[in-house]
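Protein chains in written order, with our numbering: chain A, 726 to 1184; chain B, 726 to 1184; chain C, 726 to 1184.
These are computed hints drawn from the structure, not numbers from a lab. Heads up, a few of these hints could be off.
Note: identical chains are not told apart, hence a pair may lie in one copy or across any two.
[Said to hold, decoys possible] Derived pair list, reagent style DSS-like, types lysine-lysine, alpha-carbon separation capped at 30 Å:
{"id": "1", "residue 1": "Lys1107", "residue 2": "Lys813"}
{"id": "2", "residue 1": "Lys819", "residue 2": "Lys1107"}
{"id": "3", "residue 1": "Lys848", "residue 2": "Lys1107"}
{"id": "4", "residue 1": "Lys1100", "residue 2": "Lys847"}
{"id": "5", "residue 1": "Lys847", "residue 2": "Lys1107"}
{"id": "6", "residue 1": "Lys909", "residue 2": "Lys1107"}
{"id": "7", "residue 1": "Lys847", "residue 2": "Lys980"}
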Amino acid sequence: MSLGPNDSMELQRDFGEQLITRDVGEAIFALAARIFPICRSITGNGVRQTLREIRSQLALEVHEVPTGTEVFDWTIPREWNIRDAYIKDSAGNKVVDFAQSNLHVMSYSVPVGTRISLAELKKHVHTLPEQPDLIPYRTSYYAEDWAFCMAHRQLEDLREETYEVVIDSSLEDGYLTYGEYLHKGQTDEEFLISAHVCHPSLANDNCSGVALLTHLARRMVGLPTRYSYRFLFVPGTIGAIAWLAHNEENSRRIKHGLVVSMVGDGGGPTYKKSRRGEAPIDRAMSHILRHSRLRSVIEEFSPYGYDERQYCSPGFNLPVGLFQRSKYGTISQYHTSADDLSFITPEHLLESYNLIVKTIDVIESDAAYCNTIPKCEPQLGKRGLYRRIGGKRDIATENMAMLWVLNLSDGTQSLLDIADRSDLPFEVIRRAAQLLQTHGLLTSSPLAPGGAREPRAVP
Amino acid sequence: MSLGPNDSMELQRDFGEQLITRDVGEAIFALAARIFPICRSITGNGVRQTLREIRSQLALEVHEVPTGTEVFDWTIPREWNIRDAYIKDSAGNKVVDFAQSNLHVMSYSVPVGTRISLAELKKHVHTLPEQPDLIPYRTSYYAEDWAFCMAHRQLEDLREETYEVVIDSSLEDGYLTYGEYLHKGQTDEEFLISAHVCHPSLANDNCSGVALLTHLARRMVGLPTRYSYRFLFVPGTIGAIAWLAHNEENSRRIKHGLVVSMVGDGGGPTYKKSRRGEAPIDRAMSHILRHSRLRSVIEEFSPYGYDERQYCSPGFNLPVGLFQRSKYGTISQYHTSADDLSFITPEHLLESYNLIVKTIDVIESDAAYCNTIPKCEPQLGKRGLYRRIGGKRDIATENMAMLWVLNLSDGTQSLLDIADRSDLPFEVIRRAAQLLQTHGLLTSSPLAPGGAREPRAVP
Amino acid sequence: MSLGPNDSMELQRDFGEQLITRDVGEAIFALAARIFPICRSITGNGVRQTLREIRSQLALEVHEVPTGTEVFDWTIPREWNIRDAYIKDSAGNKVVDFAQSNLHVMSYSVPVGTRISLAELKKHVHTLPEQPDLIPYRTSYYAEDWAFCMAHRQLEDLREETYEVVIDSSLEDGYLTYGEYLHKGQTDEEFLISAHVCHPSLANDNCSGVALLTHLARRMVGLPTRYSYRFLFVPGTIGAIAWLAHNEENSRRIKHGLVVSMVGDGGGPTYKKSRRGEAPIDRAMSHILRHSRLRSVIEEFSPYGYDERQYCSPGFNLPVGLFQRSKYGTISQYHTSADDLSFITPEHLLESYNLIVKTIDVIESDAAYCNTIPKCEPQLGKRGLYRRIGGKRDIATENMAMLWVLNLSDGTQSLLDIADRSDLPFEVIRRAAQLLQTHGLLTSSPLAPGGAREPRAVP
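Build out the structure end to end from the sequences listed, making use of the hints.
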């Protein structure tokens, strides 16, 4: 099935209208709140339960990769599960209780059940002395160990005595679990959207991203798109590596991609470019953020962060960037118990959702066109396209957008190129292009003016 | 006839000397003052009368294009002429009189002769409420209408009564008129200089440009130049389009070009680059402005402005920039009765003239040369070219210019390249090149050192 | 003998360790102090004596080029020597005495022995009225003349009387003398390091450079290097020209080069790029200076300065930059008697030495490598390469360096490229690369992983 320029234009106009609705922010927040209490790690029942919640909204495909499977340089670890954990003082009071916060146990802690002195206990406790009221989030996936995490004040209150320490966890052969959802578009070329699903009760990092992706995918159901959209809900690092290992051939279809995390707070937005630096996704998202009126930050690629580390490894070098609000590691709530549901809001989730949808919208509809009357300006007035300007000091942005599209549409410059050069929003440029196309002033191909079937995709 | 490098150099030295004289500013001002009172529009006798004034100084060729002629997407409109217009109150007093200012009538107003209420009249009146003492300039070329323009205070003083409204104009088949002057140079390659000639009594916009071009062309008579210079005095938009439509083939000869308007005020100077952005004209004028000590502004191309819109349409994409003092639309006098002869001065006209001449000078003489002693520095001292520097802390600019020319003249870098890289004025670099050439240290071609005929033009 | 990547790495690690020692600054200062009193010029016994001092530390090859030899556009001048010079007042007191400072006589002054009035004398006196206590340094190599240089106060104290003026100099056929030392590396490709040796008692300009090069060459003896290092001790301009004229063919081997002068003061450091602008030496030295914590200044090439003028003349266009502390001509001591031994310090000489050694180190060891596990990240943890980061907010620079090297090592980007893109010091990047190579994660060639013989040199 071919996709003509008019279709494409119509399609896109519908795209934003169908996807962007006021209530999306509330819906994302509600799902984030549902999955917040679950104790997730890189393997185990927490991930399964989370994927079940997503599945209640979206026809998610769930994959399980057995312990011991080799995925490039890595091996799927044993599966970790935890039922309970606590520290009791000599009076039998639980001074630390996993039931109150799953951050209290370092992820992948081996089982333990013993009585030890405070001094001994302290060797297995993580706190944040500079943020004495917060519980830190800690992991030890590949070094066998156990530890409790607690507020520093809590630790300081502990007296010299013998404590009963119990972690009722298991570390056994099992599976790594991840979820995948494919929205089929008109081509096999893919847009990858990936969120890590391995952190426990941290609302922003990454209940927010998981919930946003779920609702984005859910709303795309039935929507015709140029690209196919692959949504991944994977445990960080090992999950992305497992997916790439099992989809090496298919990964070549990925033309654009985003890793999405921490999208519910009011910071940023922050976009870290892909390793390529000037990929269409980099240009599209930079454009949308620049015109967003928010205090956006565009960063160059660096090899530290989330799963873009794997997607952008030199053997794949996929055009995948990272979208966040506040950048990881730059805010006091990061990886602490302060990253709870009060830290994210429906409004910020909606904002983040809209920025992602607008970026997808650019990627979907960017193409180069040709002015059908390239010699001198077409007379816009006689077509009713030009507001009379004799008496106006300010030429309307719409008029300028038409002039820009006409002037630069020589088949080599795409709408995004034109939007960037004119410093006008993509949607204004596209609207002008649509109007001009309706009036026969713009065609998708210099070879078949007026009757072309395929917009010239910009690589 | 071939143009050797020495000739070329001599030529250029004479160029500036012959063209730049103190009294040019006064002469330009005098012509601007002569044509200021004429009521011009895009067609009609006002343009003819203006061209006659120019013709009294320059052997201008005048062209007339009949109404109805198709020029690309446009059609030459009916010819508009006006004899008189006024608004009389019930006492018979002319409260608005075309004879006092031709701005009082919206250009291309259809004839009218009627008695109407104030309320009815107001529908046909343009004012500037924020500049209540000024008459605005308004047009309605392609939508049949009529209107008066007046000072807002004037409008506020009108009482509720019946007014007699007369516009004694005609809108009939006729011609579009434009003027053209070609200064023949040693090659057929052309430098286009274009001014719009369609505005009524607006001194800066564009009596100034029309008068400047006339005197520039007049002073070039008999002067040998590398390029041919084509001066166009055309009604804005439709005039430029008509010229391009009738000269499509010839337009390929245009290697450089300038649209000139609003050159008599003390603002800027402002240069808007051609669509190409890095054409020789863009680099030359930017260089001259950067070294001018004025508060010059260099702007990137945009598709709104004067006739560069047509010359830079994608089907032509000619290397034509826009030279102005204050940028259109940025000053309070723009398109109002305050743009009168008191707004322009001989001094500023002279300054503008000189900047254009210097830019032409760069275009005329820029070329790449070869150092004839490229291995190590030539010994300048034994040729008397180097001032003794043993005791001087500051090396004279002249010495530096010679060193720069010698160091970079490997046949790939032109004098303008060298001027830009060294951040020295082009004229200093050229003078150094002339001196070095005189001493046999610089040649125009690596193939025929010392005996070359053609300077290597820089594209 | 081939140079494998491991060898290369080892080599470089040793390089810095062997060359950089605390006492180098003192040693350089001591040699500068020994040669400071000698009256040097572009020819004559002063140069010979200076080269003898160097020879006492280094197996220098000394060349003599006869007067009258043509070297490109220049001719070797007559040899100048001076034994004594003074001005005596009528009472027989020496009011100016060459024995007190060899700056008192303009270099290349012809012999004179006469009695003249103060007015007559003044025509042959150079002073610095704005620095009245300092003696200026002056030369007149190619115009026969004589002059005294003195403090302005000294001149003002002279009374109107007759003075006996004696310059016991000679200007006769002889030789231009220069020194050359070649450190042979594993290839014939050369790194040129050049210092001018023609200035009299000016400590910074250039006893400092001459002494630094001597000790650098001395410490490289026996050290295996990739490049061969050619040290030149040449009279300014004419010496460099003579060397180039006699080594035109060999000069093609020069892949990198530095002119070194004024390296003992506390200013800068200043690096002026080669004419090429982006040669490896330009990038390497810019990198080292940027990471030096000193107030370094990187300047674009200009054709005025020291012997880089000759090396970078268009017929050679060698990749040779200029390294200094304070830039010539920018400090009050420049070319005056204030440029004495108190103006330079062992600390600054050591600093300069270290910067040059580190730059050489970059040039020696820069190469592009390949990540042997390019698909997804290698699991650094299981190799003990990754510090546990679960609980650390700041990822150690070392970890980041490993990630950068792994991510960018696709065979196209060298360690210096990676250092610049990551904004990490080259030595940190190289250390990470060494560590990764030791663990088999990095190889020098994609064609022969793990077993390659030749690092891919970056051009």
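Hint-by-hint comparison with the structure:
In this assembly of identical chains, Lys1107 and Lys813 lie within 30 Å of each other by CA distance neither inside one copy nor across copies; the values are 85 Å within and 35 Å between. Taking the shortest Cα distances, Lys819 and Lys1107 never come within 30 Å of each other, neither inside one copy (82 Å) nor across copies (36 Å). Taking the shortest Cα distances, Lys848 and Lys1107 sit within 30 Å of each other only across copies (23 Å), while inside one copy they are farther apart (82 Å). Neither within a single protomer nor between protomers do Lys1100 and Lys847 lie at most 30 Å apart by alpha-carbon distance, with minima of 79 Å and 40 Å respectively.
In the homo-oligomer, the alpha carbons of Lys847 and Lys1107 lie at most 30 Å apart only across protomers (26 Å), although the nearest pairing inside one protomer, at 82 Å, exceeds that limit. In this homomeric assembly, Lys909 and Lys1107 never come within 30 Å of each other (Cα to Cα): the closest approach is 43 Å inside a single copy and 39 Å across copies. For a Cα distance limit of 30 Å, the shortest separation of Lys847 from Lys980 qualifies neither inside one copy, at 50 Å, nor across copies, at 60 Å.
Checked against the numbered hints above, the structure breaks hints 1, 2, 4, 6 and 7 and satisfies the rest.
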